[in-house]
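Read off the chains here:
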Amino acid sequence: MIKVIFKTADGQEIETQGESGSLMELAVENNVPGIDGDCGGVCSCATCHVHVAQEDFARVGEPNEIEKDMLELAEDVSETSRLCCQVALSEDINGISVTVVRE
Amino acid sequence: MVFQGPETTTDQDVCVIVGASHAGVNCAFELRKQGFEGRVLLIDADPHLPYHRPPLSKAFLNTPLNDAPPPLKAQAAYERAGIELVLGVKVNDISANDNTISVAAADSSTVHDALPAAITYTHLVLATGARPIVPPIPGLSTATHCLVMRNASDAYALKSLLEEKQPVLPDFHVVVVGAGYIGLEAAASLRKAGAKVTVIEREKRILARVASEAVSTHVASRHEEQGVTILCERNVQAVQQDADTGVQTVVCDNDIAYRADAILVGVGVRINGELAAQAELEMNKGAVCVDAHMQTSRPGIWAIGDCTSFPQREYGENTHIESVQNALEQAKVAAKNIHLLSAAAQSNLLPALVDYAATPWFWSDQFDMKLQMVGLVGLADNQVVRVESDRALSVWHFNGDKLISVEAINSPKAYVLGGRAINNNTPVDKAKLQDGEINLATLF
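Keeping their order, the protein sequence lines are chains A and B.
Note that numbering that gives the first Met the number 0 has the first sequence beginning at 0, numbered continuously upward.
Note that numbering that gives the first Met the number 0 has the second sequence beginning at 0, numbered continuously upward.
It should be emphasised that the hints constitute simulated quantities derived from the structure, not laboratory data.
Incorrect hints may have been included.
[Said to hold, decoys possible] The calculated lysine-lysine pairs, modelled on BS3-like cross-linking and capped at a C-alpha distance of 30 Å, are:
{"no.": "1", "chain 1": "A", "residue 1": "K67", "chain 2": "B", "residue 2": "K195"}
{"no.": "2", "chain 1": "B", "residue 1": "K89", "chain 2": "B", "residue 2": "K203"}
{"no.": "3", "chain 1": "B", "residue 1": "K401", "chain 2": "B", "residue 2": "K412"}
{"no.": "4", "chain 1": "A", "residue 1": "K6", "chain 2": "B", "residue 2": "K89"}
{"no.": "5", "chain 1": "B", "residue 1": "K412", "chain 2": "B", "residue 2": "K431"}
{"no.": "6", "chain 1": "B", "residue 1": "K429", "chain 2": "B", "residue 2": "K401"}
{"no.": "7", "chain 1": "A", "residue 1": "K2", "chain 2": "B", "residue 2": "K203"}
{"no.": "8", "chain 1": "B", "residue 1": "K412", "chain 2": "B", "residue 2": "K369"}
{"no.": "9", "chain 1": "B", "residue 1": "K369", "chain 2": "B", "residue 2": "K429"}
{"no.": "10", "chain 1": "B", "residue 1": "K401", "chain 2": "A", "residue 2": "K67"}
{"no.": "11", "chain 1": "A", "residue 1": "K67", "chain 2": "A", "residue 2": "K6"}
{"no.": "12", "chain 1": "B", "residue 1": "K369", "chain 2": "B", "residue 2": "K401"}
{"no.": "13", "chain 1": "B", "residue 1": "K369", "chain 2": "A", "residue 2": "K67"}
{"no.": "14", "chain 1": "A", "residue 1": "K67", "chain 2": "A", "residue 2": "K2"}
{"no.": "15", "chain 1": "A", "residue 1": "K67", "chain 2": "B", "residue 2": "K412"}
{"no.": "16", "chain 1": "B", "residue 1": "K429", "chain 2": "B", "residue 2": "K191"}
{"no.": "17", "chain 1": "A", "residue 1": "K67", "chain 2": "B", "residue 2": "K429"}
{"no.": "18", "chain 1": "B", "residue 1": "K369", "chain 2": "B", "residue 2": "K203"}
{"no.": "19", "chain 1": "B", "residue 1": "K191", "chain 2": "B", "residue 2": "K431"}
{"no.": "20", "chain 1": "B", "residue 1": "K32", "chain 2": "B", "residue 2": "K89"}
{"no.": "21", "chain 1": "B", "residue 1": "K89", "chain 2": "A", "residue 2": "K67"}
[As the list claims (entries may be wrong)] Per the computed footprint, the stretches of chain B lying under chain A, defined by three or more beta-carbons under 8 Å from a beta-carbon of chain A, are:
{"no.": "22", "region": "50 to 59"}
{"no.": "23", "region": "72 to 82"}
{"no.": "24", "region": "360 to 371"}
[Unchecked claim] Derived CB-CB ranges, DEER-like:
{"no.": "25", "chain 1": "B", "residue 1": "R419", "chain 2": "A", "residue 2": "G60", "range": "40 to 50 Å"}
{"no.": "26", "chain 1": "B", "residue 1": "A357", "chain 2": "A", "residue 2": "E54", "range": "33 to 43 Å"}
{"no.": "27", "chain 1": "A", "residue 1": "I13", "chain 2": "B", "residue 2": "H47", "range": "23 to 33 Å"}
{"no.": "28", "chain 1": "A", "residue 1": "E18", "chain 2": "B", "residue 2": "D400", "range": "25 to 35 Å"}
{"no.": "29", "chain 1": "A", "residue 1": "E54", "chain 2": "B", "residue 2": "R297", "range": "32 to 42 Å"}
{"no.": "30", "chain 1": "B", "residue 1": "K89", "chain 2": "A", "residue 2": "G94", "range": "39 to 49 Å"}
{"no.": "31", "chain 1": "B", "residue 1": "D434", "chain 2": "A", "residue 2": "V76", "range": "40 to 50 Å"}
{"no.": "32", "chain 1": "B", "residue 1": "N424", "chain 2": "A", "residue 2": "E54", "range": "40 to 50 Å"}
Everything numeric in this text was worked out from a predicted model, so none of it was measured.
Ideal placement from N, C-alpha and C gives every residue a C-beta, glycine not left out.
All chains should be modelled from the sequences, with the hints used to inform the complete structure.
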C-alpha cells in the first residue's frame, strides 16, 4: 500500500492509501476537496493541481512537457506544482504529502 | 440503490436533478458548495455510480473487462454532501402545475426500498443529456453486434465483444459508421486492441461538422498510418447477412459492400427532450430552451448540459453544445442561481442571478494525438495554420483580426495561450504565428 497525505485549502489533512492508478484518482476515491479531475485524468483541464512538499519533490519528479504547458492554466503555480492525474502511484512516492491548491 | 427518502419538512426546499452525469452531478455538488440547505435528489436510470463519459470511447476500452469506468465522485462523497443518489430509477413524467414528478424503477425487476411514486420539488433541473441515433437503415438495428457508445453499458458491451473475439481479433472487422469524435476515438481504441477497422463517413471529410479541414486532413492521415481505413462520401444503404456463409456486410452506394463482423454507429445523438416537451417547456430543434441563467420557460424548472439550447453572446440565441465543459459550467451557473433564489425566498428580495458566458473548450485523444480545441470555429472568416512538426500543429481561426478559436494537435501551448488570447481579446501577429519555428510564448 502506498500512502499519500493530501492537505486541503480548508486545513484538513487527509491520509489516503492505494495501490495503483494516479494520485488524482486516489484523491477522488477519498473525496479530497479541490481535486475535481474534470477531464477524467488526461491532462486536459488543470483541475487537479497540487503543490508537492519541497522535500518530496525529487521523488515525484518534474512535470512532463504537456503538463508544463497545461499548468499555465492553473493558478498559484509553484516550483513543485504538478497536475496529479499525471503522477502514478508507486513505491517511489510512498509517504509523500501534497497540498491541494483549489478550494 | 436505496432511496433514502426522509420526510421533507414543509419549509424545506427540494431540488430534484434528473440525470446524474457530468452536468447533474456537478450541479448537486455545487448546490452544497454554495450553501443550499434543502434536499438534493439526483436521479438517473443508469444503475452505475456516476462516471466520466469521455474515457468510455478512449482509454477505458483498452482496460481489463471488469474495470469500472472512472467515477465522477466517490460514493462516500455523495453521502458526506447529503446528496441523495437515486440510481436505476427513471422519471416518467412531470406535473409542472403541481411541482411533482412521477418515478419508477428503470428495470422492473429491481426493487427500490421506499421509492415513492411521486416526488414534489421546489426546483427541478433537467440534465437529461442525449442518446445515440441509430439511423433507420435496413438491417442496421438488427445487425449482429450493432453497437453505440454513450453509456457504461455500451462500453462494457464493446469490451466484452473484444474479449470474446481476442483470439481472432486480427481478422475481426469492425465498421465504424460516422467519423465524428466518438467514431474516431472508438476506431483508434479498436485498432489499438488489435481489430481491423474501417470508418465510413457520409461527408467529404472526417470531423466535417466540428473541425477545420487542416485538422481533418491531419487526423485522417494519422489514422491511416495506424492501419485504419477511412472512406468518405459513402452512404450506408443497408446491412446484409449472407444466408449461406453468415458473413455480414455493410452495403454502401453502388452496391459496394464491406465485411462487418461488428458495427459501431457514431452518427450523432438525439436529445432526451421528452420530459421537457411533456412539461410544455419551450424547445428548439429538440433541445430545451434556457436563458443565460439556465432557467427554462417555466419558473422552477432548469436545464443544463447536452440537452439545452442557450443564448451565447458570440454564437447566437440558440446555441447548442455537447461537451463536458459546457455541462460542468452550466451546472455551476444553475446551482448558483437556484441557491440565490432559494436563499432570497425568505427575504423577499429579488437576487441578481449569474449568467453563463464561458468560452467553450473540448478535447479528444486518438492514438498519440492530443487534440484540444477552444472557442467555436463557426464565425471565423480567415485562419492561420501553424505547423510545429509533423506531429504537432495548430489552426488559429479569426474573424477579421479577432482570434475566436484555436484547434491544437499535440500543442497544448497553442491551446493554452490561444485560449487566453481569446478571453483577453489579445491581438496576435498572424505572420509570426504562421512561422512554426518562432516560439509561441514570445508572441503573447
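Each hint tested on the structure:
no.	hint	verdict
1	A:K67 x B:K195	violated, 36 Å
2	B:K89 x B:K203	violated, 40 Å
3	B:K401 x B:K412	holds, 19 Å
4	A:K6 x B:K89	violated, 39 Å
5	B:K412 x B:K431	holds, 15 Å
6	B:K429 x B:K401	holds, 11 Å
7	A:K2 x B:K203	violated, 53 Å
8	B:K412 x B:K369	holds, 12 Å
9	B:K369 x B:K429	holds, 24 Å
10	B:K401 x A:K67	holds, 27 Å
11	A:K67 x A:K6	holds, 22 Å
12	B:K369 x B:K401	holds, 25 Å
13	B:K369 x A:K67	holds, 15 Å
14	A:K67 x A:K2	holds, 25 Å
15	A:K67 x B:K412	holds, 9 Å
16	B:K429 x B:K191	violated, 38 Å
17	A:K67 x B:K429	holds, 25 Å
18	B:K369 x B:K203	holds, 23 Å
19	B:K191 x B:K431	violated, 38 Å
20	B:K32 x B:K89	holds, 27 Å
21	B:K89 x A:K67	violated, 43 Å
22	50 to 59	holds (count 5)
23	72 to 82	holds (count 5)
24	360 to 371	holds (count 4)
25	B:R419 x A:G60: 40 to 50 Å	violated, 27 Å
26	B:A357 x A:E54: 33 to 43 Å	holds, 38 Å
27	A:I13 x B:H47: 23 to 33 Å	holds, 25 Å
28	A:E18 x B:D400: 25 to 35 Å	violated, 53 Å
29	A:E54 x B:R297: 32 to 42 Å	violated, 57 Å
30	B:K89 x A:G94: 39 to 49 Å	holds, 47 Å
31	B:D434 x A:V76: 40 to 50 Å	violated, 28 Å
32	B:N424 x A:E54: 40 to 50 Å	holds, 43 Å
Consistency note: the structure conflicts with the earlier hints numbered 1, 2, 4, 7, 16, 19, 21, 25, 28, 29, 31.
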